Structure formats: structure tokens, C-alpha cells
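*Asks:* Take a look at the letters that make up each chain.
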Amino acid sequence: MSGSGGAGAGEQEAGGSGVPAAAVPALTARMRERFGVHGRGQHERDRPGGDGHGQGQAGGPPNGAGAPYGGGGRRRGHGGGRGGEQLVVPRARPDSYYGKPIIKEPVWGSPDVPGYLFLGGLAGASSVLAGFAQAAGNHKQAKASKIAAAGAIGLSGVALVADLGRPERFLNMLRVFKPTSPMSVGSWLISAFGGASAAAAACAVTGRLPKVGAAATAGAALVGPAVCTYTAALICDTAVPAWHDAHREMPYLFAGSAASAAGGLGMLVVPPEDAGQAIRFAVLGAATEMTAKSLLLKSLGDIAEPYQTGRPGKLMEVAEVLTAAGLAGAVLAGGSRTAIKLAGAALLASSALTRFGIFEAGRASARDPKYTVRPQRERLAAKAAGSVTDPPSS
Amino acid sequence: MGFFTDTSVCIGCKACEVACKEWNHVPEDGLNLLGMSYDNTGELGASTWRHVAFIEQIKRPGDAPGPGHGHPDDSGASVLTESALGEFSADGSRWLMASNVCKHCTESACLDVCPTGALMRTEFGTVVVQEDVCNGCGYCVSACPFGVIERREEDGRAWKCTLCYDRIGDGLEPACAKACPTQSIQFGPVDELRDRAQLRVDALHEAGETGARLYLEDPDDGISGGGAFFLLLDEPEVYGLPPDPVDTTRDLPRMWRHVATAAGALLVGGLIASLRRDLRP
Chain A
1 MSGSGGAGAG
11 EQEAGGSGVP
21 AAAVPALTAR
31 MRERFGVHGR
41 GQHERDRPGG
51 DGHGQGQAGG
61 PPNGAGAPYG
71 GGGRRRGHGG
81 GRGGEQLVVP
91 RARPDSYYGK
101 PIIKEPVWGS
111 PDVPGYLFLG
121 GLAGASSVLA
131 GFAQAAGNHK
141 QAKASKIAAA
151 GAIGLSGVAL
161 VADLGRPERF
171 LNMLRVFKPT
181 SPMSVGSWLI
191 SAFGGASAAA
201 AACAVTGRLP
211 KVGAAATAGA
221 ALVGPAVCTY
231 TAALICDTAV
241 PAWHDAHREM
251 PYLFAGSAAS
261 AAGGLGMLVV
271 PPEDAGQAIR
281 FAVLGAATEM
291 TAKSLLLKSL
301 GDIAEPYQTG
311 RPGKLMEVAE
321 VLTAAGLAGA
331 VLAGGSRTAI
341 KLAGAALLAS
351 SALTRFGIFE
361 AGRASARDPK
371 YTVRPQRERL
381 AAKAAGSVTD
391 PPSS
Chain B
1001 MGFFTDTSVC
1011 IGCKACEVAC
1021 KEWNHVPEDG
1031 LNLLGMSYDN
1041 TGELGASTWR
1051 HVAFIEQIKR
1061 PGDAPGPGHG
1071 HPDDSGASVL
1081 TESALGEFSA
1091 DGSRWLMASN
1101 VCKHCTESAC
1111 LDVCPTGALM
1121 RTEFGTVVVQ
1131 EDVCNGCGYC
1141 VSACPFGVIE
1151 RREEDGRAWK
1161 CTLCYDRIGD
1171 GLEPACAKAC
1181 PTQSIQFGPV
1191 DELRDRAQLR
1201 VDALHEAGET
1211 GARLYLEDPD
1221 DGISGGGAFF
1231 LLLDEPEVYG
1241 LPPDPVDTTR
1251 DLPRMWRHVA
1261 TAAGALLVGG
1271 LIASLRRDLR
1281 P
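Protein chains in written order, with the numbering used here: chain A, 1 to 394; chain B, 1001 to 1281.
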């Protein structure tokens, strides 16, 4: 071992080659900066000589300047400057073993699962819109939304089965009913909803069995909202920090996003003179989505970072712009056919991008151990300070 | 039944890794030069059910002893007379080794979220995947607060330590515990192991190794105690373990309430949107 390590655990051999040992951490820190490793190649960045090393010696926050968690030594009092060394920030303790993630990254694939989050929401909210449109005698809207609901949930089913490690065993989902497993609850919801929405769509398209169609429409409209929002519990009931810690706001975000998508699709495909319901549904949805999203980011605090940086950050940003544009368009469109359709398309796209952004943000938060370790450290510190007596659950 | 892994006497021989693979027919998943000290397997996963971590630490004169390094003698010289291998040697370095394993949580998120019932609790209090039921949905992988269980990609199903369900059912001890030459891995009834662990940590503290602490032994912690718990010589995250893990599903009742409220709100939103038929938003 070289002598360049600090007291931090996980110190690795830095030297060994011809490079002076003390120069290695500084070099790696500079390379990190140079190649902007934040957000990509977690594995490359987190090889030996990881965080504690670079941070302590070179003073370059490896997590990127300005990152909420950038400062070193916040929970360890490893005092800074020793003679001869230029410690800009106090020595930090590494967040994990060789910088490796603490939890496993979700194995759920993209576009299957984020696509499902979007399509499931679209399907569920479309069935709500279809139900109320039918009740109001708005048959064009009702028919369009029924077809959308059945199509979207059908596609969802295919995507979900394809994402299983053993697709041929998909029926095992219906072996048990477990309220402790959002996926189990969801499997039953999708099964019921899929049947009802398919029947409703089939009756609407063929014009046969109107009573069965009405019952199926009502059934789908009642189950639909749960199909939209249970997916929030699905992703939040994990150890993934950016999802789990957002569990209060996520269901409302998903409900809003789903209504926005279903309304947006209605605006896109239904003649403008029949699109009033869709427009108002979309407006309510988009406003809810934007509100819930900002509350979510606020309550996440430092763990909001994955939603705001890198690829998920970009997705969320574009989605935000599209939601705002679609919302404004829907409110201001008046009778303009083009404006209504453009606004509808924007809302539909923003809903999809939001789901992809949330999905990617969760994955990013699982990859970086700091999002797992630091909130737990803060919790322990709070407990030690006596302000918390129990884990924040109950 | 459970494990007490006393990392203070782990010598990094990896007999546990090998014995586990052999007994359980766990496929080869890479024996790599990772640049992580003597660690060739990296982390627990679908095909690594015991993983030995190697942590090289250097303590230099002038380093303030952190809370985890409470050696009274700051020069780096060992103050230990006990047989803890986590002591800093005269040159101020130490080499921590620890055999990690599935924690068999008392409140087990992987088991709770499993939608097929493939994950079950055994009569020994351990948590086991039934491989003939698992359909590889991957939910347990995201739910585990420790990153233990994983989907084996070539197989499609989730795998993890079974605490040698087949062996303990026959009155044998798990393969890793049997193979451990230093009794770093101890197997037995969890209560008994907890008593033993407390004696050990007290002895280490008396000997000056104040960094020794038990991890997951407390039945009141976030997972209501691990069926497998540990004696560590430094902070848990140094070993790649979360410092304050909480069962993922503890918040689920609250999540369901929010899900139901949001679903109700969506229905009301649909109603509000339908009160008029004109085009105004």
C-alpha cells in the first residue's frame, strides 16, 4: 500500500506504477472533472481510489460542484488541513465499499416498464373519461376513449409479460393475492380492468350488446383510477431512494399525469366540438401533475438531484415544458382545431416523458450509493440527537 | 435459526464462498481481478451468496480518530491484545475482511413484495425463493434494502442465500459456517447468537477495539433484526452495508392510502370535467 491514503475506510492502493502515489488521486479527480463522469459510467468512476480518496486529497468534489451532497466530511469530523497538503474540503468518508452501489439497480427494462407506467395511466384515465362521456351522451369521446383504454392496457400487458425473466410463468402472478405486494394487487387490477375495457371497446365498436357495454364501461371507469395510481405504490414500495422517498406525492403525480394523457388523447382524436370534456379533464390533470411534481421535488430535498441532473433531468425538463405548453394551449385554444390538437399532443407526450424521467431518476438514485447512505446517516444522526425516536414509518 | 458473522476474526480465506457454491450448485459468475484488494467476486448477487469484502485502511499519524476509530493511541500502534484481526498494525495499516450474506430479515421486503408467493418464510425463520414458482418479475431485487437478491440473467429467476434450507432441515449447519476455519461464521438460534455476539463485542471493547459494533442484531431496528447479523469494526457503509436500513414495505399502508385518495380524486376530476358540455376549459 502506498502512503497516500487517509484514515477513511476503503482506502486503496494508489501507487504501484511509476506515478507518484500522492499524484494519483489528484489525477483521478481531474480526470473525473475532465470527462464529466457524473451521470454516466458509475462503475468506471467508482473503481478503487473512489470517493474518499479523491475528495480528501485533491479537494475536488467527485460528485460535481454544486451537488447537494458535494461537501465532504459532513458527518465525519475528520479534520482538514495537515501540514504540506492542500485540503480544500475536509476529508470525506466513502459512502460505500469501493464506491459500489448499496442496493441493486432495478432490473426492470426500458421501454417496457416506463412505457407501462404511461400506458397504464393512459388506459385507466381514458376509461374514466369514457364513462363520464357516455353518461353525458358524448358518444364520440366515449368511443374513442374506450378504444384507447383497451388498446393501451393490451399493449401494457404485452410489455409487462415481456419484461418477466420467465414470461411463460406470467400466470403465476394470479396464484395469490397479496396486499403487501403492489405488483400482486396490480396484476389483479389489470386482469379485471383489461377484461372490462376490452368488453366496453368491443361493444362500442360493434354496436352490439349495449347493456353489457354500459356495464363494462362503468366497471372500467371504476377500476381505471386504481390502475392509474397503484403504479405509484409499485415503484415507491422499493428501496430505490428517489422513488421510495417520494411515496406521498407520487400517486397524485401519476393521477394527474394519467388524466393529462387521457384528456390529451381525446383532444387529439375527437372533433373539437365534442372535446370539451377531454379539455377540462386534461387541464385538471396537467395542473395536478405540475403541482404534485413540484411538491415531490421539494419534499425529496437532496434526493431530488437525480430528477434534475443527467438524462432523467433532461426528460423531466422537456416534459415540464410540454406540460406547461399543453396546459396553456388547452386553456387558451378556444375553438381553434389546430391549437386543441397541438395541446393534446403536447400533454400526451409530456405524460410519457414524465414517466420515463421518473423511471430513469430512480435507476440513477439506485446506482449511486450516496443517495442510499446519506439519508440513512442523517436519520441516525437525528435519532442520536433525540429528535426522532422511531424510523420514519409507522 | 440464523448467522452471526464476526468479522473481527475473518481471515479472508473465502472458504465460505467456495463451500456455498459447491453445496448449492451456484454457477460460476466470474473470478475477476477487480482491483479491489483480494476481492474477486465484487458483491452479493444471483450467483454469489456469500461475499468476502476486503478493505485496506491506512491510518496515519495526525489523523484525528473518528468515532469509528477510537484507538486511544493515535500513533497507529496497536493497542489490542485480543485476537481481533481488525487492529491497525505498527505501520498504521489494517485490513478488514468480512463475509457478507443475505440478512434473512425479520421484516423482509423481498418476501412482502413478491407477487407470486415464490419467496417464503421457512419454519426456521429464514427467507427462501422457491425456484419453481419464481417468474422473474424482479420486484424483490428493487425491494431489498441491502442489494442482496438478484435476477440471474441467463436463467431469468431471482436467487439468493437459502441459509442452506436443505442442510439445516437435516440438522446440519450451513455450508459456509461449516467451512469457516475461524468461526467467523457462526450458525445457531438467533437469540443464542445475539448473546454470544454481545459477549464478543464487550470483550473487544475492553481490549480497546472501540470501533467494534453489532449490526442488525437489534430486534427493534428497521428490519426488526436480521436473521443474519454481524460484528463490524467500522461503519456499515465501509463494508457496503446500509447504515440504517428500514423495511421497504413499512410505508406501504400509507402509500395505499395515498393511492386510494389519488384514485378517488381522479374519479372526481372526471366528474368535474363532465359537468358541462361546452368547450370552455
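It cannot be assumed that every hint is accurate.
Stated by the list, open to error - In silico DMTMM-like cross-links for lysine to aspartate or glutamate, where the CA-CA straight-line distance does not exceed 20 Å:
1. A:K383 with B:E1131
2. A:K383 with B:D1244
3. A:K314 with A:E378
Claimed, not checked - Only part of the chain B face toward chain A is listed, based on derived beta-carbon distances under 8 Å:
4. G1030
5. C1137
6. E1150
7. R1167
8. P1219
9. A1263
10. G1270
Stated by the list, open to error - Covered stretches of chain B (chain A as the covering partner; in silico rule of three or more C-beta atoms under 8 Å from a C-beta of chain A):
11. 1017-1026
12. 1115-1129
13. 1154-1166
14. 1198-1207
It should be emphasised that the hints constitute simulated quantities derived from the structure, not laboratory data. What you are looking at is a predicted structure, and each value in this text was computed from that prediction instead of being measured. Heads up, the beta-carbon is just placed ideally off N, CA and C, and yes, glycines get one too.
*Asks:* All hints are to be evaluated individually against the structure, with a verdict given for each.
*Replies:* Each hint, compared with the structure:
1. A:K383 with B:E1131: Cα-Cα ~40 Å, so violated.
2. A:K383 with B:D1244: Given pair K383 of chain A, D1244 of chain B holds - Cα atoms ~11 Å apart, limit 20 Å.
3. A:K314 with A:E378: Since the Cα atoms of K314 of chain A and E378 of chain A sit roughly 29 Å apart, the hinted pair is violated (cutoff 20 Å).
4. G1030: It is violated, given that the least Cβ distance between G1030 of chain B and chain A is near 14 Å, above 8 Å.
5. C1137: With Cβ-Cβ at 6 Å, under 8 Å, it holds.
6. E1150: 6 Å, holds
7. R1167: 26 Å, violated
8. P1219: 13 Å, violated
9. A1263: Holds: closest Cβ of chain A sits about 4 Å from A1263 of chain B, inside 8 Å.
10. G1270: 4 Å, holds
11. 1017-1026: Answer violated; 0 residues pass the 8 Å Cβ test.
12. 1115-1129: It holds, with 4 qualifying residues against the three required.
13. 1154-1166: Result for this restraint: holds, n = 4.
14. 1198-1207: violated (count 0)
In the structure shown, a violation is registered for the earlier hints numbered 1, 3, 4, 7, 8, 11, 14, in ascending order.
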